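Q: Residue numbers (the numbering used here), protein chains in the order written: chain S, 1 to 314; chain X, 315 to 1000.
Source of the hints: derived by calculation from the structure; they are not laboratory data. Heads up, some of the hints might be wrong.
Derived SDA-like pairs (lysine to any residue); straight-line CA-CA distance at most 20 Å [to be verified]:
1) S/Lys50 with S/Leu18
2) X/Lys885 with S/Leu18
3) S/Lys50 with X/Ala881
4) X/Lys899 with S/Thr123
5) X/Lys705 with S/Ser67
6) X/Lys885 with S/Leu52
7) X/Lys885 with S/Arg53
8) S/Lys54 with X/Asp625
9) S/Lys54 with X/Pro892
10) X/Lys899 with S/Val57
Stretch-level coverage of chain S by chain X, calculated; a stretch enters the list once three of its residues show a Cβ under 8 Å from a Cβ in chain X [to be verified]:
11) 105 to 117
12) 140 to 149
Note that this is a predicted model, so its numbers are computed, not measured. No residue lacks a Cβ here, since even glycine has one placed at the ideal position from N, Cα and C.
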Amino acid sequence: MKPDLLAIILQTALLLLLAPLVSGCIKNWKARLQTRRGPRITQPYYDLAKFLRKDMVISEHASWVFSAAPYVVFVTSLLVGLMVPMVTSQAPLSLFGGVLAIIGLLALGRFFLALGGLDPASTFGGMGSSREMTIAAMAEPALMLAIFTVAITAGSTDLSRMAADMQSPGWKLLNPAHLLAFIALFIVLLAETGRVPVDNPATHLELTMIHEAMLLEYSGRYLALLEWGSAIKQLVLMAILANIFLPTGLAADWSLPSLGLGLVLFLVKILGLSLAVVVVETANAKLRLFRVPDLLSAAFVLATLSLLSMFLFQ
Amino acid sequence: MDLTPTTLLPLALAGYVLGCAMGLLFFRHERLANLCSFGCGTLGALCGTVACVMSLTAGTTTTAPLQLQLLPTLIPYVQFTISLDPLSAFFGLVVSLLSFALSLYSLGYARGFYGRKNVGILGAFFNLMLLATTLVVMADNAFFFLMVWEIMALSAYCLVSFEHEKPETRSAGVLYFVMSHIGTGCIMLGFLLLFQATGGYDFAGFHALSAKPEWLASGSRNAAFLLFLIGFGVKAGIVPLHTWLPAAHPVAPSNVSAFMSGVLIKTGIYGMTRVIFSFLGTPPLWWGVTVLTIGTISAVLGVLYALMEHDLKRLLAYHSIENIGIILMGFGASLMFLQMNHPLLATLALIAGLYHTINHAVFKGLLFLGAGAVLHATHTRDMEQMGGLAKRMPQTAFFFLIGAVAISALPPLNGFVSEWLTYQSLLQGFGITDSLLRLMFPIGGALLALTSALAAACFVKAFGITFLAQPRSEPAAQAHEAPLAMLLGQGVLVAACVFLGLFPTLFLQVLDPLTQQLTSLQISQQLTLANGLVLSGVSHTGGTVSTLGIAMLGLGLLVIPFGLWLAFGQKTKTRIGPTWDCGLKGLTPRMEYTATGFSKPIRMIFKTLFRPHREVQRDYDFSPYFTTSIRFEAHVEEVFETRIYRPLHRQVLRLSRRMRALQAGSLQAYLIYIFITLLLLLMFAL
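Bound-form chain X, shown alone (with noise of 0.2 Å):
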């Protein structure tokens, strides 16, 4: 049998099948389901990714995309059939990709709940999961896509709920489901409104409505732009609605919360891509303004919200939001450029936005693992009871590290070079217009600037907390190193990182029959200068940068310190000693600086937003200044929760309650309202 998208994607989808089906089989039998349905999944994600890339590396030569057919045709207008095109192509390769590094990793995550939970269960979900989502990026009907779309997030929310014994868990859950149902009840209307216009649920036909005047004309199309994007915006996790996405990921099992924070949202960004570079047609300025503003809002707030945490895996889905945020910026400014008539920009900005949606895929799913294998070791989410983890678990705290440049765009990993793209294009922008609003491209930069910089900030916490100094409990210093499956889960993921980060010329390559699909342009040769070595701007007096070359001269560079050491220091000698304690009996860990002490002085800054409160209270015996205990209480207020979604709670409540008068449990009364219901329709219809 010869290796094609055509015979790879089949298996791969039978994959995850027979994962789900083995983990229900076996579900009496933890080993065996944890072994036969993660390593399904393994072997199903292999095959996707290997697929994926293979379909997008074909180049643009083949004509028609791959077209399967699932299940035939039970109910009109329904087609099972999924299609890789290159933007399929490009989605199916980021779930895909992660679903190989976090099946991988469940082998040897799983373990940890033996004999507590239902491993089986979990595979069971798990794989379920992976194949809805894999079905959403390629579904090629408005009606599968919905299907698939709530089996995925139906499947999130029972692993999400997995740990229901917590009640943390369970109203995390809760949330999460309620704020799901919003976003899909969107989406729904959205679709309906382009069914209302083409007559059918097709893909294909609502790509052929973006070319018709009369549609372009009409109002429902920007009706349909909002409704998706708070549709899609719900999933992707965009400030203001956002409120799910910390409650929900950290209470999953980590390579759960890994998957939800590195593809679940994405399939948020997918559908946005999907329906407004593909269905509606050229989009008016307001668009783009309104994704620009959002995407900015969204990373600053973002950043904000993570540094004020100290619990690992809330951090880290804060986190999230920021890196939406700066996906989002990207294609804003790439509706902008096309309604100003720059394709090539909008071409480059797009690619930024896509290039920043796989990094961070990666480097999320990663910090995630990172996450899951120190709460396998230390059995808890607070940073402040972790410390010395650097010593105790060498391998994830350097893979962690990895991603923890990454993530804060340091050169020369993944995440640089996608804000690089971000920023050219934003820079460019400013010149291609006269209206004022070109002003919002420095600031968006500016802004862009302080995100990165608080990021930076926020992972040196994470790391320098979590995983440097002493140990700050009992647990982490007895910590000790994931087993090999949860390394090489990782492993694979620094892998993508520091390939996507030292050869972007490589991977824009793969990028071109995506933009050819969306923007009609490749760019990618303009992007590439000598050999692939240098990345440049749309043009190469515009600013070039090249990772590979930052790391090897930074690596040749070594030399200096080398001969200085051969000069001057050949004779020194190295002593370990205690740290300085300023004439003290020893440094214990509980004068260490804590998480919370390290972000207090942007919590100061930023008090306006954060509303810090605390309280303080001292028991002494005879003066105040020889106090026998101490309690301190801190917290920030969440602006949206209780401006917004609290008062909204509150409101829906009374309304459901003054209904509550109309369902008394009178089978009478229930007649009467069928009755009456049924006078209006045939008024109605009439």
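This is chain S alone, in the form it adopts within the complex (with noise of 0.2 Å):
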């Protein structure tokens, strides 16, 4: 059970590359579905590569905090990454923390960004600041709940023994329990990703924006490690998502056969979920800030009724 080096490097480097793919891929499919023509699937990297190229501006105000929030946030979306079972079934940090220490970094990486949003003393990143922290303490009692309905059925908080248990007796999806516990944690990926219901990504400079507000004032290397850590944490939860719910096809062993299977079938259910997410930031136009927590408390009404069903059929 001891962390493999080799598996740790792997599944970092499978981060890195496929989270601007990611990126891209909702990027441009949303333009496509708006018939626009949109940005081409790889521009991220492009984006990524130009921010590291370039100069910094700081603001004068700013201290050494604002300095460590990219950092931070970096480092803590690789560490959630590891934790997370991605194409094989067992995720190489899984000894090291479950979901519990995953809710724990990713609120780690908010903590400081919503800091680094508040340092250069302006306005907008204030705002954004308080409005990130308020939608993650909304979003976070579903996606616990959520997190421990799965959690009890499988008696762990390790995601690797959570997608181990959903893979054992064939197809549980259609479980009432779990159907809407997939529906809830849904609705926190869009809040925690910054999606359309909640915040609008493609955002700058205007009132409503909430993730862009706080990275209102970085630039250059530091603009990179934010983009790009919160490109990972967005790959990351949905990687949760579908593998615990759908597990299918996590390689048990490093054969090449069955990683490579892993793999390919790890793209597929990402690339169906980003779809889904293009399809809702496609229909749904943005919510009234005051209605975000109407659609999170709607979250953890279906992750009460998860559990509550999960009470009555076992």
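If you follow the hints, you should be able to join the two separate chains into one complex; please do so.
A: So, in structure tokens, the structure goes:
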């Protein structure tokens, strides 16, 4: 059960390389669905390379916290990614933490990002931080309850074990408890990654922006780390959703055919989820800020129902 | 002289007594008084810390706990003995560790009172409070316990009222005084019930009671539980008995606030643990349900009210209510598991509660010390007047940030570890029963998640508004770093936060004798995997976590940004420039986000609870769009105060006005009263 260095390196590489692609796909498909041409799907890679080469401008009011935030966000996203089974059924770092550590680490990244938003003394940043922390707080109970429902079935908070448990007696997505939990987690995913009914990732310098408002003062290398970090976070949350509720194809061993099959199926699942996100983003308008809690409490109610149905049917 | 708890503990107590005496002796020479009284306190607390650690790490091999008789027996039933059993040693460790850091800090902090207030008196009462609190957690006799409990409460009252020239301080002091005595009254009644059943006041006798079947069947057991829950609950600050806490903690000097929030409220937790787990016997189910419910409500309401505060110390005081709630969630779950005959999970939940007890003491102490340093530098508690302090007080800012990360339960620090244990016990608890009650565990877990997410929001606000961005007032712009002693005091607690966060498996071994005493199980081995690197749930399939591993790997992953810099960014330059101001002529501090603004979304979402009220007054000359001045006022309603305490207060006043007729000042009437009472008593006796 010792964490395997090779597995850690491979999964880190997968996270780093795949995350911008997923963001690119979502942007491109969204444009097409809205009958625009949109940027090519590899555009995020070019963006990151460009940001990394640019000079940085740092606000005169900012302290060291502002500079620490990009590193914390980037590293916590990677750490979280290493705790989630992606291609192999055993996550490389599952010994170091399960869902509880994942939720904690994501919160750590958000904590520093929000501080980074407040630091340059800009009103936009403060507004973004305030809203981000509020929405995260509203999403947290739904997330925890939905995860609890799955964890209770598996008797474990370790995601690898949860995936293995879901795999054992065949198709379980139609289990009402898990279906409800899945929908609840999907809503949380939209909220946590700043997607349309909650936040609009395409806005810049608007009063409605949340995530972008915190990044407003960042430039150059720091901006690259933050953008990359949030792309990884998005990939990781999708991977949790895909591999917990649909663990088909996770490679049980390290042979090439099973790894290849695992990788292909993983890509299919992630791109499928991205498509769902694209459809939701296109079909809905952004909610007013004070309607977002309603959406998130709907997610909480779904998670509660999921728990109740498990109580009733087992 | 060899160092054993037997020699160190008396030294610790002597240190406090000496510190108290020195403060009184030198009260005319403030420098000498400061140095001697807080110096003695520091040394005494150091001895106490070492004694408690040695006693806990000695393992369970030592059969009888250390007992000391402080004074000869003067009155029947009253023995002035203290005993250092594992439970006392654990809470003694909490008290002594904090006392050490706080006394060290006070050496610097008390300088701020030179020429204004009498530092000798401050030192004397401070040491008296340390002494009494240490004795409270070690007293071995109910009478002695109540005596030191009262001394503790009264010395704390004197310290709360230290700056009594401010009216706010006086009324907070009185509120604390009254609430504290309601609590003491309940505890007294509880002990009388126990006395009735045993015929003695010794804790050993009470403990023997827990095995007696006739006691387990008696109704007075339930009455005792409720009395103790209220009595100790007032001290711990559980909702709805919490109102004194956010009033009294902020107005005290910061070293005292840190002690009250970090330690004094823990004596309530100590009392509950001692009484419920050791004296009252196997709990019925409703005890656990009650404690878990109270804990959950306290946690959520505590953090919600904390979010509404822009007074830094009041904000921290409300967080104490939240954390007491989290501790009680662990205890409540533990009581439920005990009743369901699942000692292993009960032990896990108990450990979660105890771990959070020491964690909260450490990080809340740290945060209050940071707030004290800020207060020292800016002379205000109002966060709206602060800002930009990270550049002016870099060390304090860093320490406060560590405390903020720890209290928000973020990995890899200590708050995360204890909440992780709490989640694990709640999760495992779902599987052990079929009753509908098991739904309490996941719902409790979800509300705990809400609590910690709101706590994170609150500390983004507390740290961000206080330390980041531009200073919002002249004193904040002129702020200076705190003196060395104050930084050292905070440094001790930072080290404790990091140790408790990164090495939980080492610390869990210390808890072994304690769980042996309370639930007859030792589970630190079971919770440890991979040579102590990994912390596990009761079974390693239930989930594992390694804060040390996370921290190390996190540092290792910094290689990637470094590599990216090597590959792409070596030629890039960094410029310092103004923040984007939308084309205005520069940003002023008045344009920054405020603490009140930051928590506005939460105030709107929970408006049924807060009942926010706001008033905006605009003055303008020719058009409402060009205001010349604007006045904005916003309040939230403290539901418990307006709906429970104020009506109660009115009733009590009305009743006492009626009673005044009895006490008209006529001597003849009083003689009649005495005569009638005597007659009644005689009739009753015959």
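Q: Confirm or reject each hint.
A: Now for the hints, and whether the structure bears them out:
| no. | hint | result |
| --- | --- | --- |
| 1 | S/Lys50 with S/Leu18 | holds (18 Å) |
| 2 | X/Lys885 with S/Leu18 | violated (27 Å) |
| 3 | S/Lys50 with X/Ala881 | holds (12 Å) |
| 4 | X/Lys899 with S/Thr123 | holds (15 Å) |
| 5 | X/Lys705 with S/Ser67 | holds (13 Å) |
| 6 | X/Lys885 with S/Leu52 | holds (10 Å) |
| 7 | X/Lys885 with S/Arg53 | holds (8 Å) |
| 8 | S/Lys54 with X/Asp625 | violated (42 Å) |
| 9 | S/Lys54 with X/Pro892 | holds (18 Å) |
| 10 | X/Lys899 with S/Val57 | holds (19 Å) |
| 11 | 105 to 117 | holds (count 7) |
| 12 | 140 to 149 | holds (count 8) |
Checked against the numbered hints given earlier, the structure breaks hints 2, 8 and satisfies all the rest.
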